[in-house]
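A.B. asks: Chain residues, written in single-letter form:
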Amino acid sequence: MNFLIVLFGKLFSKLIIFSNLGGGATWPGHIALNMNPVFIKETLENSRTKIILIAGTNGKTTTSKLIQHIFEKNGKTTLHNSSGANLLNGIASALILNSNFFGKVNKDFAILEVDENTLPLALRQLTPDFLVLLNLFRDQLDRYGEVNTIASNWKKSIEKLPKKTTLILNANDPVIAFLKGNGRSLYFGLNERSNLSQTEDWADSVFCPGCNSRLEFTKVYFSHMGEYLCRKCGFKTPKLDQSKPYFPLSGNYNKYNTLAAVLATETAGIKEDSINTALKSFNPAFGRQEQIKVNGKKVQIFLSKNPTGFNESLRTVKNAKSVLFALNDRIPDGRDVSWIWDLDFESYANSFRSTIVTGDRTYDLALRLRYALFKKFDPVENLQQAIKKALNITKNGETLYILPTYSAMLEIRKILTGKKIL
Amino acid sequence: MKLIIGWLYPQLMSTYGDKGNILVLKKRCKWRGLDVQILNLNEGFKTGDLNKCDLLFMGGAQDRQQKIVSGDLRKKARALSELIEQGIPGLYICGAYQFLGKYYKEADGTIIKGLGIFDLYTENPGENIERLIGNIIIDSQFGKLIGFENHGGRTYLGKNIEPLGKVQRGFGNNGKDGFEGAIYKNSIGSYFHGPILPKNPKLADHLIKLALEKKYNSPIKLVPLENSIEEKARKTIAKRLNVNL
Numbered sequence: 070m071n072f073l074i075v076l077f078g079k080l081f082s083k084l085i086i087f088s089n090l091g092g093g094a095t096w097p098g099h100i101a102l103n104m105n106p107v108f109i110k111e112t113l114e115n116s117r118t119k120i121i122l123i124a125g126t127n128g129k130t131t132t133s134k135l136i137q138h139i140f141e142k143n144g145k146t147t148l149h150n151s152s153g154a155n156l157l158n159g160i161a162s163a164l165i166l167n168s169n170f171f172g173k174v175n176k177d178f179a180i181l182e183v184d185e186n187t188l189p190l191a192l193r194q195l196t197p198d199f200l201v202l203l204n205l206f207r208d209q210l211d212r213y214g215e216v217n218t219i220a221s222n223w224k225k226s227i228e229k230l231p232k233k234t235t236l237i238l239n240a241n242d243p244v245i246a247f248l249k250g251n252g253r254s255l256y257f258g259l260n261e262r263s264n265l266s267q268t269e270d271w272a273d274s275v276f277c278p279g280c281n282s283r284l285e286f287t288k289v290y291f292s293h294m295g296e297y298l299c300r301k302c303g304f305k306t307p308k309l310d311q312s313k314p315y316f317p318l319s320g321n322y323n324k325y326n327t328l329a330a331v332l333a334t335e336t337a338g339i340k341e342d343s344i345n346t347a348l349k350s351f352n353p354a355f356g357r358q359e360q361i362k363v364n365g366k367k368v369q370i371f372l373s374k375n376p377t378g379f380n381e382s383l384r385t386v387k388n389a390k391s392v393l394f395a396l397n398d399r400i401p402d403g404r405d406v407s408w409i410w411d412l413d414f415e416s417y418a419n420s421f422r423s424t425i426v427t428g429d430r431t432y433d434l435a436l437r438l439r440y441a442l443f444k445k446f447d448p449v450e451n452l453q454q455a456i457k458k459a460l461n462i463t464k465n466g467e468t469l470y471i472l473p474t475y476s477a478m479l480e481i482r483k484i485l486t487g488k489k490i491l
Numbered sequence: 005m006k007l008i009i010g011w012l013y014p015q016l017m018s019t020y021g022d023k024g025n026i027l028v029l030k031k032r033c034k035w036r037g038l039d040v041q042i043l044n045l046n047e048g049f050k051t052g053d054l055n056k057c058d059l060l061f062m063g064g065a066q067d068r069q070q071k072i073v074s075g076d077l078r079k080k081a082r083a084l085s086e087l088i089e090q091g092i093p094g095l096y097i098c099g100a101y102q103f104l105g106k107y108y109k110e111a112d113g114t115i116i117k118g119l120g121i122f123d124l125y126t127e128n129p130g131e132n133i134e135r136l137i138g139n140i141i142i143d144s145q146f147g148k149l150i151g152f153e154n155h156g157g158r159t160y161l162g163k164n165i166e167p168l169g170k171v172q173r174g175f176g177n178n179g180k181d182g183f184e185g186a187i188y189k190n191s192i193g194s195y196f197h198g199p200i201l202p203k204n205p206k207l208a209d210h211l212i213k214l215a216l217e218k219k220y221n222s223p224i225k226l227v228p229l230e231n232s233i234e235e236k237a238r239k240t241i242a243k244r245l246n247v248n249l
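Same order as they appear, the protein sequences are chains A and B.
491 is the number that our numbering gives the last residue of the first sequence; the numbers go up by one with no jumps.
249 is the number that our numbering gives the last residue of the second sequence; the numbers go up by one with no jumps.
No wet-lab data here; the hints were simulated from the structure.
Keep in mind that a hint or two might mislead.
Unchecked claim - 25 Å max Cα-Cα, derived SDA-like pairs, lysine to any residue:
1) K308/A with R193/A
2) K148/B with E450/A
3) K444/A with Q90/B
4) K56/B with K80/B
5) K117/B with T218/A
6) K243/B with N281/A
7) K50/B with N281/A
8) K80/B with S282/A
9) K301/A with G75/B
10) K445/A with K31/B
The structure displayed is predicted, hence computed values, not measured ones.
Taking the hints into account, I'd like the entire structure generated from these sequences.
C.D. replies: Okay, structure coming up:
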């Protein structure tokens, strides 16, 4: 049965790519799961591949790419469900493309990123050797629901994991650090001076996940990420299990992604020196701080799809001269744009020489900037024209920084590079 | 002239960009040269602080936060009820709107008592029944109100309360009777977030005007403000949902 699935899956995927219908990242898996709902389970049980599962609101793709890069630079073979194909069908597709006709995956490591809602479903199908949990922030409430709901679903399925699964957890996110499996738990986190004195107003997890009391934060890096203590039940930031690596990407955000990738690969047996060497040659995933040259001008894209991500991007580009914000409200972006009111635009009202806003919800974003007292901003509804205008305003030698939501990022990239990616 | 705006539980009840409502009230006062102060009423606040407020706002929250708030607010229920009865204007969104009603019935039948100030009740039909999510447009005395809704609970109004408006597109209180939100005296309850006030400046100005008139006990005429970006943002959604503004 699985032989046929793999055969047809591979052919089908080639056909999709050949006929330019897309990247073939989800359809073969979709069909496979319809034919055999336990396809993922059977294929992975049949293989010697070690499984690394990655979940969290922000940083899944960057962390996966980092892990993949570190492994490959150290002679390991990997597979990764790329390009945001992070539902079960995406995982099944990745397995099809990377297995032989005996239904065996022929790679050393399967690096699988999963959507917040998919994690419990994925854990029913596969037992990861390493489960990397990055963070939980409010994101697309219309699609994912509330942070506490996701956290409690995660907790239930993680408690059932066998001893062989090692948890790699973010010590600075209380909800993540609180999770427990039946095997080892290792913790990554920042250990530096904090840049905020208290959790941000809209931070999600400021209560003890154990007893619901308010947590006391002694350090805050951003949102609710920091060092904390519960005076009532004693729950606090766990001790960190790691050394300070080389950071190939800017922003606190990416420090966490790097720390997670380093702890995971180190635990999987790669030596510290070799990890650092690999990190020095890392190139970011598309749309994640990726640099593109257009007519001699530099453009850098910072995918910014939820309050925490967007705020961190703003913090990273605060010295920019020229910025473009793009807000779409399609399904991958979340149809609800109320989160823009949680963003800290107020701190950047006088930061940029030129600010252009665009996307499906151009005027919602413009309205937000009006209330943040931005002195000058230009709403340009058409994305192509907005980019053109932003590039014209950007002087030679300057960088245009673009902060788009997910679907806007894909479109912008298509316009800038003239290529299709998915 | 000066307004004191009481923001009930800013840390606990602000899941859906509710901060935007406060920002809009504050700036629209400032742009008109009015003095304005935001009084944050966090858990454990003194009941007496409520009486300092000329206008109240409370937003929605996740379940865990809502539990903490309900414990705290129950202790101040009488003071809040008196203010609302006296006609202190207020805006209560989502969880706050539900909480002012008689009760909230959870999917498993558990009844959580509300403050009983608004003649309404809310029922959650269960996790397997779809939440009411999407862009929404209603007809109201403040013109067409445009926003986004996302709620599992279905709210039903009693006889002693008026709806905020009639649903043109979207679901509203319960997805059945065609009404959205509620008005009681000068208090407004609604499922709109998005947040509600930025794209509905008429409603924002109505609340400011009421608060000033109540405080200074004389008719007030607000200086008009420029609303062109607001109009364009409204048009984007109206056009998409095929509604004429």
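A.B. asks: What hint numbers does the structure not satisfy?
C.D. replies: Hints 1, 3, 6 are the ones this structure does not satisfy, whereas the remaining hints hold.
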